[in-house]
Amino acid sequence: MNVLVIDDSAVMRRIHRNALTEHGIPDDSIFEASDGEAALKMSAERRMDLFLVDWNMPKLDGFQLVKKLRSVSHYAATPIIMITSEAAKYNVMEAINAGVTNYVVKPIKGDVLWQKLKKYIEPGAGGGA
Amino acid sequence: MKAKYINPFLAASMNLFKEHLGIEVRSLNPFVRKDPTTLEEVSGIIGLAGETTGAVVLSFSRTTAMNIVSVFSGRSYTALTNEVLDGVGELVNIIAGNAKKDLLDFRISISLPGVIVGPATRIHWPEGIPVITIPFDSNLGSLSVNVSLKEAE
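Those sequence lines, one after another, are chains A and B. The numbering used here puts the first residue of the first sequence at 345, with every later residue one more than the last. The numbering used here puts the first residue of the second sequence at 2, with every later residue one more than the last.
Keep in mind that a hint or two might mislead.
[Claimed, not checked] When the alpha-carbon atoms are kept at most 25 Å apart in a straight line, the in silico BS3-like pairs for lysine-lysine are as follows:
| # | chain 1 | residue 1 | chain 2 | residue 2 |
| --- | --- | --- | --- | --- |
| 1 | A | K462 | A | K411 |
| 2 | A | K460 | A | K411 |
| 3 | A | K453 | A | K463 |
| 4 | B | K151 | B | K19 |
| 5 | B | K151 | B | K102 |
| 6 | B | K102 | B | K3 |
| 7 | A | K460 | B | K19 |
| 8 | A | K453 | B | K102 |
| 9 | A | K433 | A | K453 |
| 10 | B | K102 | A | K460 |
| 11 | B | K35 | B | K5 |
| 12 | B | K151 | B | K3 |
| 13 | A | K433 | B | K151 |
| 14 | B | K3 | A | K433 |
| 15 | B | K35 | A | K433 |
| 16 | B | K35 | A | K411 |
| 17 | A | K412 | A | K453 |
| 18 | B | K3 | A | K453 |
| 19 | A | K411 | A | K433 |
| 20 | B | K5 | B | K102 |
| 21 | A | K385 | A | K403 |
| 22 | A | K411 | A | K385 |
| 23 | B | K19 | A | K433 |
| 24 | A | K433 | B | K5 |
I should point out that these hints are in silico values taken from the structure, not numbers from a laboratory. Small disclaimer: the values here were computed from a predicted structure and weren't measured.
In isolation and in its complexed conformation, chain A is listed as follows (with noise of 0.2 Å):
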């Protein structure tokens, strides 16, 4: 299972990794990426099962992303969690009808984190779902 972990921040994103990490997540399976566009890129390259986004970010925002991602046709089922700061109402409306498939608002512990994402984890990916 390969995770794309998407967040302009590098501290938000070794927080993500090691919440996936200490639940089982292979480290080699979790790629990163600071921006939408270089998600865009990787996940063109290689097929991502499960995407976390954060919303502001340079380049292309997590809003933006999702839509893209949706309108390839592989990704158009695929988990997409938007983990944001962003807490207003209106903000988890327009994430929703974008097409996520969870609303997580930063902060969040690893271990609530990963409540919110071992259903979306397949069974045996990683030892920890």
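Guided by the hints, dock chain B onto chain A, whose structure is given.
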């Protein structure tokens, strides 16, 4: 500036520092900052746009910045590295993004965070709008959240 515009930033800060990071922090009385260039050495900045304009600045000393980002990231820092500055940007991003849910008068978009080290003279505050400082004491050092927001007409 009305309390209803300040309280969301106070609540978001307390949630982040106290509830999420477990830092022993208490808020002190907010005040109007007469000279907004007199902030601490490290400042994380978020611009607010949309149906209002404004800025949010999280400010602390180098040591406090390192201490708090160390707790936030789970990695201990003894120097003001790029990763510490990245963490400062993320902290102010969380405060601003979380505060939006209680700022019901406006639909707001927030900018990407910027971080400056040194004199706060380079921060572009909205003209003619007071800057309200919310000071905090904590076991990791003092900090402040500074807000300038144009009120609804």
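Status of each hint after checking the structure:
As the CA atoms of K462(A) and K411(A) are separated by approximately 24 Å, the hinted pair is consistent with the 25 Å bound. The hinted pair formed by K460(A) and K411(A) meets the criterion: a straight-line CA distance of about 22 Å does not exceed 25 Å. For the suggested pair K453(A) and K463(A), the alpha carbons sit about 17 Å apart, so the restraint of at most 25 Å is met. Restraint check for K151(B) and K19(B): the C-alpha separation of about 28 Å exceeds 25 Å, so the hint is violated.
Of the supplied pair hints, the one linking K151(B) and K102(B) holds, its CA atoms being roughly 17 Å apart against a limit of 25 Å. The suggested pairing of K102(B) with K3(B) holds, with an alpha-carbon distance near 17 Å, which does not exceed 25 Å. A hinted pair counts as satisfied when its Cα atoms are at most 25 Å apart, and K460(A) with K19(B) qualifies at roughly 23 Å. This hinted pair checks out: K453(A) and K102(B) have alpha carbons roughly 20 Å apart, not beyond 25 Å.
Restraint check: the Cα-Cα separation between K433(A) and K453(A) comes to about 21 Å, which is no more than 25 Å; the hinted pair holds. Of the supplied pair hints, the one linking K102(B) and K460(A) holds, its CA atoms being roughly 21 Å apart against a limit of 25 Å. Proximity of K35(B) to K5(B) is assessed by CA-CA distance (about 21 Å); at most 25 Å being required, the pair is judged to hold. Taking the CA atoms of K151(B) and K3(B), the gap is near 10 Å; set against the 25 Å cutoff, the hint holds.
This hinted pair checks out: K433(A) and K151(B) have alpha carbons roughly 21 Å apart, not beyond 25 Å. Restraint check: the Cα-Cα separation between K3(B) and K433(A) comes to about 22 Å, which is no more than 25 Å; the hinted pair holds. Under the criterion of a C-alpha separation no larger than 25 Å, the hint pairing K35(B) with K433(A) is inconsistent with the structure, at around 34 Å. For the given pair, K35(B) sits about 45 Å from K411(A) by alpha-carbon distance, which is inconsistent with the 25 Å threshold.
Restraint check for K412(A) and K453(A): the C-alpha separation of about 29 Å exceeds 25 Å, so the hint is violated. For the suggested pair K3(B) and K453(A), the alpha carbons sit about 32 Å apart, so the restraint of at most 25 Å is broken. A distance of roughly 19 Å separates the Cα atoms of K411(A) and K433(A); the hinted pair therefore holds under the 25 Å criterion. In summary, the hint linking K5(B) to K102(B) is supported, as the alpha carbons are separated by about 12 Å, within the 25 Å threshold.
Proximity of K385(A) to K403(A) is assessed by CA-CA distance (about 13 Å); at most 25 Å being required, the pair is judged to hold. Distance hint between K411(A) and K385(A) is fulfilled; the C-alpha atoms sit about 15 Å from each other, no more than 25 Å. For the hint pairing K19(B) with K433(A), the CA-to-CA distance comes to about 24 Å; that is within 25 Å, so the pair holds. At roughly 18 Å between alpha-carbon atoms, K433(A) and K5(B) fall within 25 Å of each other, so this suggested pair holds.
Comparing the model with each numbered hint stated earlier shows that hints 4, 15, 16, 17, 18 do not hold.
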